[in-house]
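Kindly produce the complete structure, drawing on both the sequences and the hints.
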Amino acid sequence: MKAEPRKNLRPREIEYLTLVAKGLRRREIAEKMGIAITTVKYYHEEMMSVLCARTAAEAVYKAFQRGIFKVTQ
303 MKAEPRKNLR
313 PREIEYLTLV
323 AKGLRRREIA
333 EKMGIAITTV
343 KYYHEEMMSV
353 LCARTAAEAV
363 YKAFQRGIFK
373 VTQ
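Letter 21 of the sequence shown, counting from 1, is numbered 323 in the working numbering, and no numbers are missing.
These are calculated hints, taken from the structure and not from any lab test. Built from N, CA and C at the ideal position, the CB exists for glycine as well. One or more hints might be untrue.
[To be verified] Keeping only pairs whose Cα atoms sit at most 27 Å apart, straight-line, the calculated DSSO-like set for lysine-lysine is: (1) K324 x K343; (2) K309 x K372; (3) K324 x K364; (4) K343 x K372.
[As the list claims (entries may be wrong)] So the derived label-pair ranges between C-beta atoms look like this: (5) R314 x G369: 15 to 21 Å; (6) T341 x N310: 26 to 32 Å; (7) A338 x I316: 16 to 22 Å; (8) F371 x S351: 17 to 23 Å; (9) R356 x T320: 28 to 34 Å; (10) T340 x G369: 14 to 20 Å; (11) G336 x Q367: 16 to 22 Å; (12) E333 x Q367: 25 to 31 Å; (13) Q367 x E317: 15 to 21 Å.
In structure tokens form, the structure reads like this:
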């Protein structure tokens, strides 16, 4: 029996997505989060899967639609 896909991002995936939305590159994200680049790639794949997105820009857009995070000034 196949496991049902997750519907929500985990806290560290949301942190990753927030940094993507700010325009950081994967290596910069890895440094800022204190994780390996392979972990950043894992978070990216999970984010894309959970949000059913084809690009990072689409993932950010869908996150805003879902209310995962909001624009602040």
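These are the hints, each one checked on the structure:
no. : hint                    : result
1   : K324 x K343             : holds, 17 Å
2   : K309 x K372             : holds, 19 Å
3   : K324 x K364             : holds, 15 Å
4   : K343 x K372             : holds, 24 Å
5   : R314 x G369: 15 to 21 Å : holds, 19 Å
6   : T341 x N310: 26 to 32 Å : violated, 19 Å
7   : A338 x I316: 16 to 22 Å : holds, 19 Å
8   : F371 x S351: 17 to 23 Å : holds, 18 Å
9   : R356 x T320: 28 to 34 Å : violated, 20 Å
10  : T340 x G369: 14 to 20 Å : violated, 30 Å
11  : G336 x Q367: 16 to 22 Å : violated, 30 Å
12  : E333 x Q367: 25 to 31 Å : holds, 29 Å
13  : Q367 x E317: 15 to 21 Å : holds, 19 Å
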